[in-house]
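One letter stands for each residue in the lines below.
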Amino acid sequence: MTVVERREIALVDLLDRLLAGGVVITGDITLRIADVDLVRIDLNALISSVNAQVPSPFEESL
Amino acid sequence: MTGLRYVYAVCRPFGTPLQAQLTGVGGDPPRLLPHHGLVAVVSHVPEADFAEEPLRAHLEDLDWLTGVARAHQGVIDALTTVTTPLPLRLGTVFRDDSGVRTMMQAREEGFLRTLDRLEGRVEWGVKVYVEAEREPEAPAAPAPRPASGRDYLRQRRMRTKSQDDLWQRAEAFATRLHETLSESAEDSRLHAPQNPTLSGASGRNVLNAAYLVPRVKSEEFVERVDRTKDGVPGIRVELTGPWAAYSFAGEETTEKEGT
Numbered sequence: 016m017t018v019v020e021r022r023e024i025a026l027v028d029l030l031d032r033l034l035a036g037g038v039v040i041t042g043d044i045t046l047r048i049a050d051v052d053l054v055r056i057d058l059n060a061l062i063s064s065v066n067a068q069v070p071s072p073f074e075e076s077l
Numbered sequence: 009m010t011g012l013r014y015v016y017a018v019c020r021p022f023g024t025p026l027q028a029q030l031t032g033v034g035g036d037p038p039r040l041l042p043h044h045g046l047v048a049v050v051s052h053v054p055e056a057d058f059a060e061e062p063l064r065a066h067l068e069d070l071d072w073l074t075g076v077a078r079a080h081q082g083v084i085d086a087l088t089t090v091t092t093p094l095p096l097r098l099g100t101v102f103r104d105d106s107g108v109r110t111m112m113q114a115r116e117e118g119f120l121r122t123l124d125r126l127e128g129r130v131e132w133g134v135k136v137y138v139e140a141e142r143e144p145e146a147p148a149a150p151a152p153r154p155a156s157g158r159d160y161l162r163q164r165r166m167r168t169k170s171q172d173d174l175w176q177r178a179e180a181f182a183t184r185l186h187e188t189l190s191e192s193a194e195d196s197r198l199h200a201p202q203n204p205t206l207s208g209a210s211g212r213n214v215l216n217a218a219y220l221v222p223r224v225k226s227e228e229f230v231e232r233v234d235r236t237k238d239g240v241p242g243i244r245v246e247l248t249g250p251w252a253a254y255s256f257a258g259e260e261t262t263e264k265e266g267t
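Protein chains in written order, with the numbering used here: chain C, 16 to 77; chain W, 9 to 267.
One or more of the hints may lead you astray.
Said to hold, decoys possible - For the chain W half of the interface with chain C, some residues (derived, Cβ under 8 Å), not all of them:
(1) A77
(2) Q81
(3) P95
(4) T100
(5) M111
(6) S207
(7) Y254
(8) S255
Simulated from the structure, these hints should not be mistaken for lab results.
Please read all numbers here as calculations on a predicted model, not as lab measurements.
For every residue, glycine included, the Cβ atom is placed at its ideal position computed from N, Cα and C.
Only chain C is shown next, with the shape it has when bound in the complex (with noise of 0.2 Å):
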């Protein structure tokens, strides 16, 4: 449990458990902030923001 614990932990590892896992509880103020679908919809605003920065290195070269 050594080196696995002291490497910062990736973000991405974070959010699949912070956004899709936790127990889902409507508060009184964020009644659909925990709806996974929108959580979902947010994902790929963040990752299309960030395509917009990084171009894709995935882009087929001919």
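Using the hints, position chain W against chain C.
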């Protein structure tokens, strides 16, 4: 009396105090809010950032989300050293303490059940990647320059075929690995494969799984993962953890196996 309540986790009462210098979301130290046989761990957060509308907007800001996610994880980590927390999803916010208490009252039974189920367990993450641009084995000599368009296409087809074979092998490998690891875990979850643009990891993620393992059996589990790591060219296995049991915090967990 200002600010909203950001809730990280619900736990059974624990004797050990949290580290004094621990800060949570927005820099506010996490506080304990007891109610009956449970304790909620909360921070006071500004309405300007955490009311529904601003929160929704912030969730699309990667830097902001990163800060909150790391702070949330920091608090859960600290809790893990003194108890077995039941982590809540990121961004669970209440108007005030009494809102949090009302929620705890309403969900008390389920929380206690889940806390019992998770007591002494941790989560391990296992990911399998296929290296995307692997060249076909053999040729020590580089492939000859395509002399014509037809040659080019033929070479390309061969590359594609060997890539397909690799993916098939990777699928089989991941399926087998998941079966093996599920045997030494109490429960498992499959997360969606990670987007390489977001993860920055090389290769294509074909398995992204979480396993619930008793703390005392963790060493054995880790060894089991380690043993699978080498020997399969083009396939990479990554282990993360131990995590608090985020992926197993939902109540539906036992019925929902295997999708």
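Here is what the structure says about each hint:
Interface restraint check for A77 (chain W): the shortest CB-CB distance to chain C comes to about 5 Å, inside 8 Å, so the restraint holds. At its closest, the beta carbon of Q81 (chain W) sits 6 Å from a beta carbon of chain C; the interface hint therefore holds under the 8 Å criterion. The beta carbon of P95 (chain W) comes within 5 Å of a beta carbon in chain C, closer than 8 Å, and the hint placing it at the interface holds. At a threshold of 8 Å, the smallest CB-CB gap from T100 (chain W) to chain C is about 5 Å, leaving the interface hint in force.
Interface restraint check for M111 (chain W): the shortest CB-CB distance to chain C comes to about 6 Å, inside 8 Å, so the restraint holds. Below 8 Å, beta-carbon pairs count as interface contacts, and S207 (chain W) has one with chain C at about 4 Å; its hint therefore holds. The interface hint given for Y254 (chain W) is met, as the beta carbon of that residue sits about 3 Å from the closest beta carbon of chain C, less than 8 Å. Below 8 Å, beta-carbon pairs count as interface contacts, and S255 (chain W) has one with chain C at about 4 Å; its hint therefore holds.
The structure meets every hint from the earlier list without exception.
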